[in-house]
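Enquirer: Produce the complete structure using the sequences and hints provided.
Residues per chain, in single letters:
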Amino acid sequence: MGLRVLAVDDSKTMRDMVGFTLKNAGHEVIEAGDGEDALGKLGDDRVDLIITDINMPRMDGIELIKALRMHNIHKSTPILVLTTESDNSKKNEGRAAGATGWIVKPFSPDKLLQVVSKVCP
Amino acid sequence: MPQDFDLNQFKATYFEECRELLDTAEEQLGVLQVQLDDVDIETLHAVFRCVHSIKGGAGAFNFTTLISFSHVLETTLDLLREGRVDLSSDLVDCLIRANDVLGILVHYAQNEEEIAADIWQNIAHELEILSGQKPTEIAPQETQKATSSLIASLSDYNLSADEEEEQGWGLFLENISPGLDGDGAVEKDDQGWGLFADEEPQINDSAEITSDKPHYRIRFVPEPHLLQFANEPLLLARELNTLGHCHGVADLSRLPPLNEIAPDVAYLSWTFDLYTDHDLVDIEEVFEFVIDDCVLEIERVQDSAKDVAEDKLLTRPSTEKTIHKPDDTPEKSLAQTKPVSPSPTTPDQPVVAKHEGKKSNNDTVNTTTPAVSSIRVDLDRVDRLVNMVGELVITQSMLKQQADELANNAGLRMTQGFEELNARTRELQESVMAIRMQPVKSVFARMPRLVRELSSKLGKKVDLITAGEMTEVDKTVIEQLMDPLTHMIRNSVDHAIEMPQDRLAAGKPERATIQLRAEHKSGRIHIEVIDDGRGIDREAVKAKAREKGLIAPDEDLDDDELDNLIFAPGFSTAQSVSDVSGRGVGMDVVRRNIVSLGGRISVFSTPGKGARFVMSLPLTLAVLDGMIVKCGSEKYIIALTSIIESIHPLKEELKSLMNGDVLVSVRGEYIPVVNLHRLFNIKGAVTDPAEGLVVIVETERYGYVGILVDELLGQQQVVIKSLEENYDPIAGIAAATIMGNGKIALILDVDGLAEMEHGAEKRRKHAKLQQQIFLSGE
Numbered sequence: 111m112g113l114r115v116l117a118v119d120d121s122k123t124m125r126d127m128v129g130f131t132l133k134n135a136g137h138e139v140i141e142a143g144d145g146e147d148a149l150g151k152l153g154d155d156r157v158d159l160i161i162t163d164i165n166m167p168r169m170d171g172i173e174l175i176k177a178l179r180m181h182n183i184h185k186s187t188p189i190l191v192l193t194t195e196s197d198n199s200k201k202n203e204g205r206a207a208g209a210t211g212w213i214v215k216p217f218s219p220d221k222l223l224q225v226v227s228k229v230c231p
Numbered sequence: 041m042p043q044d045f046d047l048n049q050f051k052a053t054y055f056e057e058c059r060e061l062l063d064t065a066e067e068q069l070g071v072l073q074v075q076l077d078d079v080d081i082e083t084l085h086a087v088f089r090c091v092h093s094i095k096g097g098a099g100a101f102n103f104t105t106l107i108s109f110s111h112v113l114e115t116t117l118d119l120l121r122e123g124r125v126d127l128s129s130d131l132v133d134c135l136i137r138a139n140d141v142l143g144i145l146v147h148y149a150q151n152e153e154e155i156a157a158d159i160w161q162n163i164a165h166e167l168e169i170l171s172g173q174k175p176t177e178i179a180p181q182e183t184q185k186a187t188s189s190l191i192a193s194l195s196d197y198n199l200s201a202d203e204e205e206e207q208g209w210g211l212f213l214e215n216i217s218p219g220l221d222g223d224g225a226v227e228k229d230d231q232g233w234g235l236f237a238d239e240e241p242q243i244n245d246s247a248e249i250t251s252d253k254p255h256y257r258i259r260f261v262p263e264p265h266l267l268q269f270a271n272e273p274l275l276l277a278r279e280l281n282t283l284g285h286c287h288g289v290a291d292l293s294r295l296p297p298l299n300e301i302a303p304d305v306a307y308l309s310w311t312f313d314l315y316t317d318h319d320l321v322d323i324e325e326v327f328e329f330v331i332d333d334c335v336l337e338i339e340r341v342q343d344s345a346k347d348v349a350e351d352k353l354l355t356r357p358s359t360e361k362t363i364h365k366p367d368d369t370p371e372k373s374l375a376q377t378k379p380v381s382p383s384p385t386t387p388d389q390p391v392v393a394k395h396e397g398k399k400s401n402n403d404t405v406n407t408t409t410p411a412v413s414s415i416r417v418d419l420d421r422v423d424r425l426v427n428m429v430g431e432l433v434i435t436q437s438m439l440k441q442q443a444d445e446l447a448n449n450a451g452l453r454m455t456q457g458f459e460e461l462n463a464r465t466r467e468l469q470e471s472v473m474a475i476r477m478q479p480v481k482s483v484f485a486r487m488p489r490l491v492r493e494l495s496s497k498l499g500k501k502v503d504l505i506t507a508g509e510m511t512e513v514d515k516t517v518i519e520q521l522m523d524p525l526t527h528m529i530r531n532s533v534d535h536a537i538e539m540p541q542d543r544l545a546a547g548k549p550e551r552a553t554i555q556l557r558a559e560h561k562s563g564r565i566h567i568e569v570i571d572d573g574r575g576i577d578r579e580a581v582k583a584k585a586r587e588k589g590l591i592a593p594d595e596d597l598d599d600d601e602l603d604n605l606i607f608a609p610g611f612s613t614a615q616s617v618s619d620v621s622g623r624g625v626g627m628d629v630v631r632r633n634i635v636s637l638g639g640r641i642s643v644f645s646t647p648g649k650g651a652r653f654v655m656s657l658p659l660t661l662a663v664l665d666g667m668i669v670k671c672g673s674e675k676y677i678i679a680l681t682s683i684i685e686s687i688h689p690l691k692e693e694l695k696s697l698m699n700g701d702v703l704v705s706v707r708g709e710y711i712p713v714v715n716l717h718r719l720f721n722i723k724g725a726v727t728d729p730a731e732g733l734v735v736i737v738e739t740e741r742y743g744y745v746g747i748l749v750d751e752l753l754g755q756q757q758v759v760i761k762s763l764e765e766n767y768d769p770i771a772g773i774a775a776a777t778i779m780g781n782g783k784i785a786l787i788l789d790v791d792g793l794a795e796m797e798h799g800a801e802k803r804r805k806h807a808k809l810q811q812q813i814f815l816s817g818e
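As given, the protein sequences belong to chains A and B, one line each in that order.
Okay, so the first sequence: first residue is 111 according to my numbering, each after it adds one.
Okay, so the second sequence: first residue is 41 according to my numbering, each after it adds one.
No wet-lab data here; the hints were simulated from the structure.
Owing to the predicted nature of the structure, the values given are computational and were not obtained by experimental measurement.
Take these hints with a grain of salt, some might be off.
Some, not all, of what chain A presents toward chain B, calculated at C-beta under 7 Å [claimed, not checked]:
hint	residue
1	S121
2	T123
3	D126
4	M127
5	G208
6	G211
7	K215
In this text, a Cβ means the ideal position worked out from N, Cα and C, and glycines have one as well.
Expert: Put into structure tokens, the structure is as follows:
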């Protein structure tokens, strides 16, 4: 019943917090440090949800979303972007690229789980 | 869940991460300073990401000052990378200082100390002015907002009606369908049908029960592309149902014939009747992610629920109505909504209850671990491992020794076994030591900025070239490297490098170069600082040394010796005390630091051309290859690296001086003998060098010195235990170690010993010098 979630963030603190929360709720979490890392770790394996930061080295969140939406396997996987309140424009950029929803940092664990349940059956 | 989620457990990671981010930011800002004319946008991005990550974490832990300040910094960087503000040298300089302040704030946050506003407000202000931001209040206010929303969300995340945007998440109402490819789509639509069919009876039941609750009618018409963003109407319906009792009817009018159905197009639309105590904002929240990709109408139905079933889409007894069209911005529609919001009941309680319901899931602990390529380990643990392995080595060698004593009985196979054990333990030890090895980059990386700051302060033009940054050395050494290296670089910029016009006059390029390089050489790390400045002024050195009584007035020294006088205690050739190189205690402190690490330093200078400082340090301070020597009943350890040879002197090779000192002649050279037994007052030791053994060691200041011991016991790697940390410093002793039998043995400090012996001799000879040595603290 647990979901397979890919958490992408260049900050280990954030990855830890997302990972801890989701694992505690019985989900499986795969962590990646940037977009390229995420694509590499995903390959053709299906996950139930992808949570990604926007500002990352090498490949940022927006490019990652675009790449995922072009991908046969991942094009309909729900994607949540992590944004800060100051990047409203980023939120819209994420939407335009094909993200499913967003979570504003900092988030509470309950909120994260609530949003996850909102986009994952 | 909240009680499981202790934020503190992430703090250690955060602060560690902060330090790395601050370093990276500094490094990149340094790069920025160099590329001023031709800025690589990636550099700005990199700095931005660092600050952004620090701010993100600060938000999570509610470090308000850190949030405010990083926000200002972040805004500046954002303006820069969008090209709205031009990069100037002043601005980069300010950013570098701001990065420092950020580091200080992180430090305060880590120690949970109060932060005085003047630490950061001035620089924040300066940044704002330089980057043309609206100064002052904005940042603090935003912080307040961020903080308050955070606190709200952490406590019970009460979704306040006025702050929809602060709810902290949303859906781009588009598509929530996992696995929606190929034939999956039809199946999905089937599911949607199935759900509502299934739930219908139940909802009908509840309609009666809830008829007294406020009744909303929600019309939800997804745009055809909604599914392409993985938003899922089914889940929205399900979530609506959690708010109260919900009855949905699908509108199939847009559904094409089966053979024309595209898998990722949303054809269906729905009308929901929702009976709930939640207010309008909560209902809208359900649709938050999809709000821009659908037509959404929510109306409050005032009449009784009973007619609703018949009315469906036809009648509209609306008194309150909000309509979302895709082109509406959420804010705008929200504004429309507010005045007509039904009076809120208490939405908190159901929300809280819902969360408590979720707790049962939490017990299922994760079973899989994510694959990671590196892990962070507390240094203490590594140290413990290093110690354990070191002691394993000792036990192993002790065991071997005991087996050897059994000698003939032990047999060949036993010996072979020990050989293998020996090889394995060595290998194990090397692997463990490798864990602590780090590239010197972390130290080198700070030097460019030091050079930059100093040279601009002094009006000099200096380029720093580094090489071999990736040379690895034990973490303990890295930590100790910073001060001496900083001192040397400072010294070079301050004293060695000439002013630009002087350089031009001397026919040198206007910009001076300082090279900083590291490399491994015979089991040690060599670090060189090479400048192309004026070199050491030997006449000045000589005059100064005479003035200070470091050399006798008539004493003649060769060039090398003169140059190396700059390391003598209390020596400085600086004309005046500058605030750059401090009080001119300079190089002798550097030398002392390096010697205390078991290192050596020397200088090679060519007047007018420049100077080259060469440091050689052990790769680790945790273990040491030592020679165990016996003196009376005591055992001491001498570092193998300092031992040149051991000799049994003949009677005629020994010369006694009037003052009782003994010299030993080795191949025509007279070397002073240190009487260990006399210095340490050891009973029962060999007192006649002709009967004992003289270990010739190389010291930093006194050249070759012979140490008189009874005998050599063998060579062994020992784990260094600091005396300063565990006891008190003792003259002539560098550190201690624990032997295989559990006894403590002291590691000799050969320089200290020579100093003691030499000091005693000089005291007799030269009262003035004695004072000098005392002043130098040695």
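Enquirer: It remains to establish, for every hint, whether it holds in the given structure.
Expert: Going through the hints against the structure:
1. At its closest, the beta carbon of S121(A) sits 4 Å from a beta carbon of chain B; the interface hint therefore holds under the 7 Å criterion.
2. With its C-beta approaching chain B no nearer than about 4 Å, T123(A) sits inside the 7 Å limit, and its interface hint holds.
3. Residue-level restraint check for D126(A) holds (minimum Cβ-Cβ distance to chain B is 5 Å; threshold 7 Å).
4. With a cut of 7 Å, the hint placing M127(A) at the interface with chain B holds, because the nearest CB-to-CB distance is about 6 Å.
5. Against a cut-off of 7 Å between C-beta atoms, the interface hint on G208(A) holds, since the closest Cβ of chain B lies about 5 Å away.
6. Checking G211(A) against chain B by beta carbon gives a least distance of about 4 Å; that is within 7 Å, so the hint holds.
7. The beta carbon of K215(A) comes within 5 Å of a beta carbon in chain B, closer than 7 Å, and the hint placing it at the interface holds.
In summary, this structure violates none of the numbered hints.
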